[in-house]
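Note that the protein sequences, when read in sequence, are chains A and B.
So for the first sequence, the numbering used here puts the first residue at 1; every next one is plus one.
So for the second sequence, the numbering used here puts the first residue at 1001; every next one is plus one.
Please keep in mind that the hints were generated in silico from the structure rather than gathered at the bench.
One should not assume that every hint holds.
Here chain B is said to cover these stretches of chain A; the calculated rule only asks that three of the stretch's residues, wherever they fall, bring their Cβ under 8 Å from a Cβ of chain B [to be verified]:
(1) 1 to 14
(2) 25 to 31
(3) 42 to 52
With the Cβ distance kept under 10 Å, some of the chain A side facing chain B (calculated, not the full set) [claimed, not checked]:
(4) Pro38
(5) Asp78
(6) Ile95
(7) Glu99
(8) Leu107
(9) Glu111
(10) Tyr112
EDC-like cross-link-like pairs, simulated, lysine to aspartate or glutamate; straight-line CA separation at most 16 Å [as the list claims (entries may be wrong)]:
(11) Lys82(A) with Glu110(A)
(12) Lys1143(B) with Glu88(A)
(13) Lys1143(B) with Asp19(A)
(14) Lys1147(B) with Glu111(A)
(15) Lys52(A) with Asp78(A)
(16) Lys12(A) with Glu27(A)
(17) Lys1143(B) with Glu110(A)
(18) Lys1034(B) with Glu10(A)
(19) Lys82(A) with Glu27(A)
(20) Lys1147(B) with Glu47(A)
(21) Lys1143(B) with Asp104(A)
(22) Lys1074(B) with Asp1006(B)
(23) Lys1147(B) with Asp109(A)
(24) Lys116(A) with Asp104(A)
(25) Lys72(A) with Asp19(A)
Where is the CB? At the ideal position from N, CA and C, for every residue including glycine.
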Amino acid sequence: MLHLEIVTPEQKTYSDDVDSVVIPGVEGELGVLPQHVPLMTQLLPGELRVIKGGEELRLAVGEGFVEITAEKVAVLTDMAVKESDIDESAAEAAIRRAEEAMKDNKLGDEEYATVKASLQKSLALVRVKRRRS
Amino acid sequence: MANLRDIRRRIKSVKNTAQITKAMQMVAASKMRKAQQAAINGRDYAILMNRVIVSLRDAVDQTTHPLLARREVKHELVLLFSTDKGLCGGLNTNLFREVMAFPAETTSFVSVGRKGTQFLARMKRKMIADFPLRDHPTFLETKAISKFCIEKFLDGSVDKVTVLFPMFVNTLSQVPKAMPILPLTSVEEGGIAVQQEQIKVPEAGLLFEPGAESVLNAILPAYIHFSVYQTLLGTRASEQSARMVAMKSATDNAKNLVKDLTLEYNKARQASITNEILEISTAQLALG
């Protein structure tokens, strides 16, 4: 059994025993099964898949970290939304806003990085939502 | 009788005060709920983050990353979280007592919150920066604070960074707490979260992907940024709770005072009526 925990600064999004989980890591997609070797890696905005009892649950996640031990996966991220909870139109509006803000080129370095990060998160949201339909 | 009018005037002013403190109590109560919720929401993340950092700290050599390096403490930086406004009971006073425990010569301060800034200026302590604070702090704002601390630590001007803040225990109790955050090797288990949990260090060394340096470079500053943010949320929750309790006792006191004054007023009024009757009947007797 593999215990998966996904937490964001706002709440604990997911906490359950699962069969396996596929994580969008910096080095590409990372599938984790029980008895994985202890590993620490970074998370990129994208789609996280949880497989439990033959069913698959998709979540859109933001940047963060993953700590993997033999029986546990801890995902620390700034965003985690279940596929069913994604508001596609809101995410698209956010993408448009972010792209416009970046085009203006008036942002400081720090702001630019923030906007870019939020753009990537919104893109991840839309990507996860559209996969199914 | 002049006395009667004085009492009436006092009752009125005490009633006004009670009205104000009552209103402040209500405002603080509603803000408190929000602030407490915000602080509690972040707790799971804080606990997990803390666990990751602690297991990380034990798994890697402390020379791997500058933020982990323990140096001889010649200068200490204290990040002081206080409130902007007063009227929150002994919250700030208790906090400032802790400030005095740090040696004046080797400690510099960074203040968040106006009350702390004023106190440090009055005590002539060394203050290298102060940050203003708003009611709803955002992560980005606190990032500026933590970034400043990290820079000071990395350029060697301070060897240790401690956060001093009123820790939120529950609505009735807030305890000043000093918590070391830099170097990260001095981070305690439990840290920002109150809860203590047994931490199991993976016996077969931890793997890093893409590499220890890259992961540490990302997670260590992120931990500091988040700790500072979470601390600030805790400070906010403490402030509003303390204010609500202080205002509640002020309202109760005012109400008691009004009761006592009303009694006194009625007694005085009765006395004056008795006096008048006495005067009238004496006059009648004298005439009759």
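Check each numbered hint against the structure and report the violated ones by number, ascending. Of the numbered hints given earlier, those the structure breaks are 3, 6, 7, 8, 10, 11, 12, 13, 15, 16, 19, 20, 21 and 22, listed in rising order.
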